[in-house]
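Colleague: Here are the chains, one letter per residue:
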Amino acid sequence: MTQLMNKSIGELHDLLVKKKVTAKDLVLACIEECKKDTCNSFEATAFEEAIKASEKIKEVKDEEYLKGIPFLAKDNYSTKGIETTASSNILNGYIPLFDATVIEKLKRAGMILVGKTTMDELAMGGTGTSGHKGVTTNPYDHTRIVGGSSCGSASSVASGIVPFSLGSDTGDSVRKPASYAGIVGFKPTWGRISRFGLFPFAPSLDTVAYFTRNVKDASYILTCLAGKDKKDMSSSSRKKEKYQNYVLSHKTLKRIGCFKSVLDSIEEKAIKDAYLNVLNGLANKGYEIIYYDFPQYLLDSLYPTYMIISCAEATSNNANLDGIRFGPKADNDPQTYIEYMKQCRTKGFSSIIKRRFVIGSFSLLSANQDEMFTRAQKARRMIVEEMERFFDNIDYLLVPASYSKPKKVEDINYSWSKKTDFLENIMTIGNFGGYPSLTVPLTFIDGLPCGVNITGRTFEDGYVLSLGQEIEGITGLKNLVANKGE
Amino acid sequence: MIKVTREIIDQCAENLMFHLTDDEIEMIYDDFDSVLVQIDFLKSIKDVDTYEPMTFPYKEHQKVMRDDKPSKPLSAKDALKNSKTVLGTQIKLPKVVGNKNDTIDE
Amino acid sequence: MEFEPVIGVEIHVELKTKSKMFSSAPTSFGMPTNTMTVPYDLAFPGTMPIVNKEAVAYGIKVTKALNMTLDKTLYFDRKNYFYPDLPKGYQITQQFRPIGKDGYVIIIKDGQEKKIRVEQIHLEEDTAKQIHLSDISLIDFNRVGTPLIEIVSMPDMTSGEEAMKYVEAIKEIVTYLDVSDGKMENGSMRCDINISLKEKGSSVLGTKVECKNLNTLMNIKAAVDYEINRQKEILERGDKVEQETRRYDEGKKMTVLMRKKTDAVDYKYFREPNIIPIDLDDGFIYDAIHSMNKLPNEYRVELKEKGLDNYEIEELLKNRSFVLYFEDCLLLKVTSAKVLWNLLMVEVMGYLNKTEKNLEDLKFPKEYLVSLANLLADNKINSKQGKELLAKLLEENANPLELVKKLGLEQISDPKFVEEIVDRVLQNNAQSISDYKNGKDRALGYLVGQVMKESKGKCNPSLAKEMIQNKIGPCGKR
Numbered sequence: 001m002t003q004l005m006n007k008s009i010g011e012l013h014d015l016l017v018k019k020k021v022t023a024k025d026l027v028l029a030c031i032e033e034c035k036k037d038t039c040n041s042f043e044a045t046a047f048e049e050a051i052k053a054s055e056k057i058k059e060v061k062d063e064e065y066l067k068g069i070p071f072l073a074k075d076n077y078s079t080k081g082i083e084t085t086a087s088s089n090i091l092n093g094y095i096p097l098f099d100a101t102v103i104e105k106l107k108r109a110g111m112i113l114v115g116k117t118t119m120d121e122l123a124m125g126g127t128g129t130s131g132h133k134g135v136t137t138n139p140y141d142h143t144r145i146v147g148g149s150s151c152g153s154a155s156s157v158a159s160g161i162v163p164f165s166l167g168s169d170t171g172d173s174v175r176k177p178a179s180y181a182g183i184v185g186f187k188p189t190w191g192r193i194s195r196f197g198l199f200p201f202a203p204s205l206d207t208v209a210y211f212t213r214n215v216k217d218a219s220y221i222l223t224c225l226a227g228k229d230k231k232d233m234s235s236s237s238r239k240k241e242k243y244q245n246y247v248l249s250h251k252t253l254k255r256i257g258c259f260k261s262v263l264d265s266i267e268e269k270a271i272k273d274a275y276l277n278v279l280n281g282l283a284n285k286g287y288e289i290i291y292y293d294f295p296q297y298l299l300d301s302l303y304p305t306y307m308i309i310s311c312a313e314a315t316s317n318n319a320n321l322d323g324i325r326f327g328p329k330a331d332n333d334p335q336t337y338i339e340y341m342k343q344c345r346t347k348g349f350s351s352i353i354k355r356r357f358v359i360g361s362f363s364l365l366s367a368n369q370d371e372m373f374t375r376a377q378k379a380r381r382m383i384v385e386e387m388e389r390f391f392d393n394i395d396y397l398l399v400p401a402s403y404s405k406p407k408k409v410e411d412i413n414y415s416w417s418k419k420t421d422f423l424e425n426i427m428t429i430g431n432f433g434g435y436p437s438l439t440v441p442l443t444f445i446d447g448l449p450c451g452v453n454i455t456g457r458t459f460e461d462g463y464v465l466s467l468g469q470e471i472e473g474i475t476g477l478k479n480l481v482a483n484k485g486e
Numbered sequence: 001m002i003k004v005t006r007e008i009i010d011q012c013a014e015n016l017m018f019h020l021t022d023d024e025i026e027m028i029y030d031d032f033d034s035v036l037v038q039i040d041f042l043k044s045i046k047d048v049d050t051y052e053p054m055t056f057p058y059k060e061h062q063k064v065m066r067d068d069k070p071s072k073p074l075s076a077k078d079a080l081k082n083s084k085t086v087l088g089t090q091i092k093l094p095k096v097v098g099n100k101n102d103t104i105d106e
Numbered sequence: 001m002e003f004e005p006v007i008g009v010e011i012h013v014e015l016k017t018k019s020k021m022f023s024s025a026p027t028s029f030g031m032p033t034n035t036m037t038v039p040y041d042l043a044f045p046g047t048m049p050i051v052n053k054e055a056v057a058y059g060i061k062v063t064k065a066l067n068m069t070l071d072k073t074l075y076f077d078r079k080n081y082f083y084p085d086l087p088k089g090y091q092i093t094q095q096f097r098p099i100g101k102d103g104y105v106i107i108i109k110d111g112q113e114k115k116i117r118v119e120q121i122h123l124e125e126d127t128a129k130q131i132h133l134s135d136i137s138l139i140d141f142n143r144v145g146t147p148l149i150e151i152v153s154m155p156d157m158t159s160g161e162e163a164m165k166y167v168e169a170i171k172e173i174v175t176y177l178d179v180s181d182g183k184m185e186n187g188s189m190r191c192d193i194n195i196s197l198k199e200k201g202s203s204v205l206g207t208k209v210e211c212k213n214l215n216t217l218m219n220i221k222a223a224v225d226y227e228i229n230r231q232k233e234i235l236e237r238g239d240k241v242e243q244e245t246r247r248y249d250e251g252k253k254m255t256v257l258m259r260k261k262t263d264a265v266d267y268k269y270f271r272e273p274n275i276i277p278i279d280l281d282d283g284f285i286y287d288a289i290h291s292m293n294k295l296p297n298e299y300r301v302e303l304k305e306k307g308l309d310n311y312e313i314e315e316l317l318k319n320r321s322f323v324l325y326f327e328d329c330l331l332l333k334v335t336s337a338k339v340l341w342n343l344l345m346v347e348v349m350g351y352l353n354k355t356e357k358n359l360e361d362l363k364f365p366k367e368y369l370v371s372l373a374n375l376l377a378d379n380k381i382n383s384k385q386g387k388e389l390l391a392k393l394l395e396e397n398a399n400p401l402e403l404v405k406k407l408g409l410e411q412i413s414d415p416k417f418v419e420e421i422v423d424r425v426l427q428n429n430a431q432s433i434s435d436y437k438n439g440k441d442r443a444l445g446y447l448v449g450q451v452m453k454e455s456k457g458k459c460n461p462s463l464a465k466e467m468i469q470n471k472i473g474p475c476g477k478r
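Chains as they are written, first to last, in our numbering: chain Y, 1 to 486; chain E, 1 to 106; chain H, 1 to 478.
The reader is advised that the hints may include incorrect statements.
Stated by the list, open to error - Here are the simulated lysine-lysine pairs, BS3-like style, with alpha carbons at most 30 Å apart:
id: 1; chain 1: H; residue 1: LYS333; chain 2: H; residue 2: LYS357
id: 2; chain 1: E; residue 1: LYS59; chain 2: Y; residue 2: LYS230
id: 3; chain 1: E; residue 1: LYS69; chain 2: Y; residue 2: LYS105
id: 4; chain 1: Y; residue 1: LYS329; chain 2: H; residue 2: LYS79
id: 5; chain 1: E; residue 1: LYS92; chain 2: H; residue 2: LYS16
id: 6; chain 1: H; residue 1: LYS392; chain 2: H; residue 2: LYS465
id: 7; chain 1: H; residue 1: LYS357; chain 2: E; residue 2: LYS3
id: 8; chain 1: H; residue 1: LYS72; chain 2: Y; residue 2: LYS228
id: 9; chain 1: E; residue 1: LYS81; chain 2: H; residue 2: LYS18
id: 10; chain 1: H; residue 1: LYS261; chain 2: E; residue 2: LYS92
id: 11; chain 1: Y; residue 1: LYS80; chain 2: E; residue 2: LYS81
id: 12; chain 1: E; residue 1: LYS59; chain 2: Y; residue 2: LYS240
id: 13; chain 1: Y; residue 1: LYS105; chain 2: Y; residue 2: LYS419
id: 14; chain 1: H; residue 1: LYS384; chain 2: E; residue 2: LYS69
id: 15; chain 1: H; residue 1: LYS79; chain 2: E; residue 2: LYS63
id: 16; chain 1: E; residue 1: LYS77; chain 2: H; residue 2: LYS16
id: 17; chain 1: Y; residue 1: LYS230; chain 2: E; residue 2: LYS77
id: 18; chain 1: H; residue 1: LYS53; chain 2: H; residue 2: LYS18
id: 19; chain 1: H; residue 1: LYS406; chain 2: H; residue 2: LYS384
id: 20; chain 1: E; residue 1: LYS3; chain 2: Y; residue 2: LYS418
id: 21; chain 1: Y; residue 1: LYS419; chain 2: E; residue 2: LYS46
id: 22; chain 1: E; residue 1: LYS72; chain 2: H; residue 2: LYS129
id: 23; chain 1: Y; residue 1: LYS260; chain 2: E; residue 2: LYS46
id: 24; chain 1: H; residue 1: LYS16; chain 2: E; residue 2: LYS63
id: 25; chain 1: Y; residue 1: LYS239; chain 2: H; residue 2: LYS72
id: 26; chain 1: E; residue 1: LYS81; chain 2: H; residue 2: LYS79
id: 27; chain 1: E; residue 1: LYS63; chain 2: Y; residue 2: LYS240
id: 28; chain 1: Y; residue 1: LYS242; chain 2: E; residue 2: LYS77
What the hints contain is simulated information worked out from the structure, not anything from laboratory work. Here the structure is a predicted model, which means the values were calculated and not measured.
If we strip away everything but chain Y, and leave its shape as in the complex, we get (with noise of 0.2 Å):
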């Protein structure tokens, strides 16, 4: 039974219906792993109430696909019962009262939760490097991030502790670290599934996104997890798919564009040449390949755009962490309300998520909204127009979902970037326009994975699965699992 984890929740799934393992076989293997971890991927555990979760699994019929696979989720859900901190010292202690939605399905479909994983602080960064519990690290690489915000979530997939964990991408915070863990990563529809529960970063970019170990699972996952809920008035009321069968049958469009400025700028040879044989070996399938001139002011401005928008509304949205309801209160004898507030939010944030917040609620003030907040609004609707345009006559956008390998944690900077660094933030296209967007595997670069990204149209997460099946065919990369102990 070693290696059991390493397995895809299809593998285990088999084994759970052929009954050569019970549920509770998995979730105490998964405890192991859990133990072993050396990634720093975990905030809380919850291993009794998945042991005794799995204990009640008896049996498992061959359509209940995720019945008895044990999960994990990143800190930003809300999970009824287990302390859930969005790794921010401002949370510390805070025990939800509910489950969010998508923990409420995915445990109906006989799931189990065995623990929480670390992020960056509520999910504001992209290295998995600034939380309260430290840094996460690549599997692949100890001494290299795995990206974030979803760090302990990628890790923990990608190192074989479970199949599948849930994480959040509000510009590409699956889809990045995904392609730093060699794994798959899926943001689906903004607003196909609910987002009840789930901490909110920037709601109008923020999507529940997860990672699997091939898309298969990822499109089991999506059906379980889309659908109109009460609870979230921005999910979509438009009828669920059973998303595996775009995968099952292969059901699939055919025109794949490329930017060409995006081709131009590749700089690491191995990708490039990992990305054109990708392009090829679609060709080869009779897929149309169309090279497509994207402004590149529209692409220099999804930076900008991106961190005032998000930066703004996340001022808001964490002003509720005031130490007053919930999160460690004011132990400095506070003689004022004020002085109670701020003593909570002076030392339950780090400086970089305090800088986010000043930074966001100047873009807002009234004196500067239509030059900062309102504007990178315009320009965001500038880049989804283009996209529109660029949907007309073309079904998916194909690039590189990273363009050098995953940083040393050394070389980590924090501080605001003069460039527009339009490579490393193009996936924020899919944030903005709410589309569906997928990382798989592409390749290895001295051993460091790296992927390829898909983004659709709206609702046509199905087609977004079924292509990124099609590549996983190309690359023969799924399934990957980082080999631990070296």
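Following the hints, complete the assembly by docking chains E and H onto the known chain Y.
Modeller: Structure of chains E and H alone, referenced to chain Y:
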């Protein structure tokens, strides 16, 4: 736009209910250089101001609202369970006097 | 120099929905502290606002009642500020796209109609309640999230009386629509009034002072008039009015300083990203408008047509349940609305007040009250008999028509019958007739009394009186 100064940064932070150390103010002040470069870039985009600001990722509107049916509320015990500053069945704070006003129930 | 007051009013009206504006927690008044919340109300992370349909329907009704333009797509915005009574750190309101705009209400001043323009109304959520003790404050979150409509007037008022009448008109409208209980004393309707003075004829506005804590209509009038005078004195001294917030001190009968407005708070408004714009369905709007209760001004016209005078109408309008009762009665063939009014608003109301009962406690059908009113109006019974029947009606729910028959109380207005008795009485009371002719007007009453006695109280006394006067001529001079 308001000119970025250390004082403005400090004032923003105080309005957001936290203090900044001198080092933090310095860090943010330095970063504003980059922020302003980025702002100028957005400003330079041709015709950007002719576009409607975009809040929601796509154009769909909704029609369904919640029926006015009350659900079972939390007990006071549950409601206050996570608070570290409770007195009886209420939350306790230092007397609320300060910048907003000193009246009851605004 | 002459000054003109410029007065604008902002009113927050708490709606009477069963659940809160953006959460399903029940709304209530006077429940044990912190027992009326769901996680959203306490701003637990990950909770989201869900718009209450009924509150929106109420918003549509108020929009219509205030003659406003309805925005058929709903948008919400955030108003950001930190305060212990505001768990999320922002309030969801409608800063940029109010549900209604550009309306008006009519007030009557010195018998003249005056139009007060209403700039906009927004749907929003209430804050929590704080209790301030000597050294600590306690927070009760029961009220947080209760739906509010904020009604913002244009600065069209020029006196305390106008401000008061405006608030009174709004109060009447929201209570008649039954969207709020409109109780200022409970805080379910709260007013902030902005007052400034400008030079007469000038278009340059003076410095605004905001007045709060105005929890009765009389206080509004008193506070505004006080404030106008205070500002006038300052300006006449050549000083400047300071921008500040003041509250009305009822004991001292004056406005007192609460705080100076140094920097206005920057609320950093922006669109609420968790509520996708809501297109209001035409059917939904239609239903909201067509289920609106009749408004006071509609009643004023109708009741006037029924013959009530202004005083009677205004008394009746003070309490909507009496208007509804009266309106129901009017559907039952009423001979005289005035007589009915008198029965309901004097006799019945007196009884209810004395016994501390409500209109709803009356168990008899409205037909009985109308029958009684008609018996009186048709002079079939006299007022003394009316009182007796009413007492039986109120105490025992007895049908007046049956009682009249049973007790033989019916007045006789048949002129032949009455004349017969009158003639008999006049024949037997020559002395009284001559007294009357000699100027003793009291003798007339005596004669009528004799007629009543002869007829065992059944004769219509006014008819008898009229006949006697016709027969014996005018009263003589002493």
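Colleague: It remains to establish, for every hint, whether it holds in the given structure.
Modeller: Consistency of the hints with the structure:
{"no.": "1", "hint": "H/LYS333 <-> H/LYS357", "result": "holds (27 Å)"}
{"no.": "2", "hint": "E/LYS59 <-> Y/LYS230", "result": "holds (20 Å)"}
{"no.": "3", "hint": "E/LYS69 <-> Y/LYS105", "result": "holds (24 Å)"}
{"no.": "4", "hint": "Y/LYS329 <-> H/LYS79", "result": "holds (25 Å)"}
{"no.": "5", "hint": "E/LYS92 <-> H/LYS16", "result": "holds (29 Å)"}
{"no.": "6", "hint": "H/LYS392 <-> H/LYS465", "result": "holds (29 Å)"}
{"no.": "7", "hint": "H/LYS357 <-> E/LYS3", "result": "violated (67 Å)"}
{"no.": "8", "hint": "H/LYS72 <-> Y/LYS228", "result": "holds (23 Å)"}
{"no.": "9", "hint": "E/LYS81 <-> H/LYS18", "result": "holds (26 Å)"}
{"no.": "10", "hint": "H/LYS261 <-> E/LYS92", "result": "holds (28 Å)"}
{"no.": "11", "hint": "Y/LYS80 <-> E/LYS81", "result": "holds (13 Å)"}
{"no.": "12", "hint": "E/LYS59 <-> Y/LYS240", "result": "holds (19 Å)"}
{"no.": "13", "hint": "Y/LYS105 <-> Y/LYS419", "result": "violated (42 Å)"}
{"no.": "14", "hint": "H/LYS384 <-> E/LYS69", "result": "violated (52 Å)"}
{"no.": "15", "hint": "H/LYS79 <-> E/LYS63", "result": "holds (24 Å)"}
{"no.": "16", "hint": "E/LYS77 <-> H/LYS16", "result": "holds (27 Å)"}
{"no.": "17", "hint": "Y/LYS230 <-> E/LYS77", "result": "holds (26 Å)"}
{"no.": "18", "hint": "H/LYS53 <-> H/LYS18", "result": "holds (11 Å)"}
{"no.": "19", "hint": "H/LYS406 <-> H/LYS384", "result": "holds (17 Å)"}
{"no.": "20", "hint": "E/LYS3 <-> Y/LYS418", "result": "holds (19 Å)"}
{"no.": "21", "hint": "Y/LYS419 <-> E/LYS46", "result": "holds (19 Å)"}
{"no.": "22", "hint": "E/LYS72 <-> H/LYS129", "result": "holds (21 Å)"}
{"no.": "23", "hint": "Y/LYS260 <-> E/LYS46", "result": "holds (21 Å)"}
{"no.": "24", "hint": "H/LYS16 <-> E/LYS63", "result": "holds (23 Å)"}
{"no.": "25", "hint": "Y/LYS239 <-> H/LYS72", "result": "holds (26 Å)"}
{"no.": "26", "hint": "E/LYS81 <-> H/LYS79", "result": "holds (28 Å)"}
{"no.": "27", "hint": "E/LYS63 <-> Y/LYS240", "result": "holds (18 Å)"}
{"no.": "28", "hint": "Y/LYS242 <-> E/LYS77", "result": "violated (42 Å)"}
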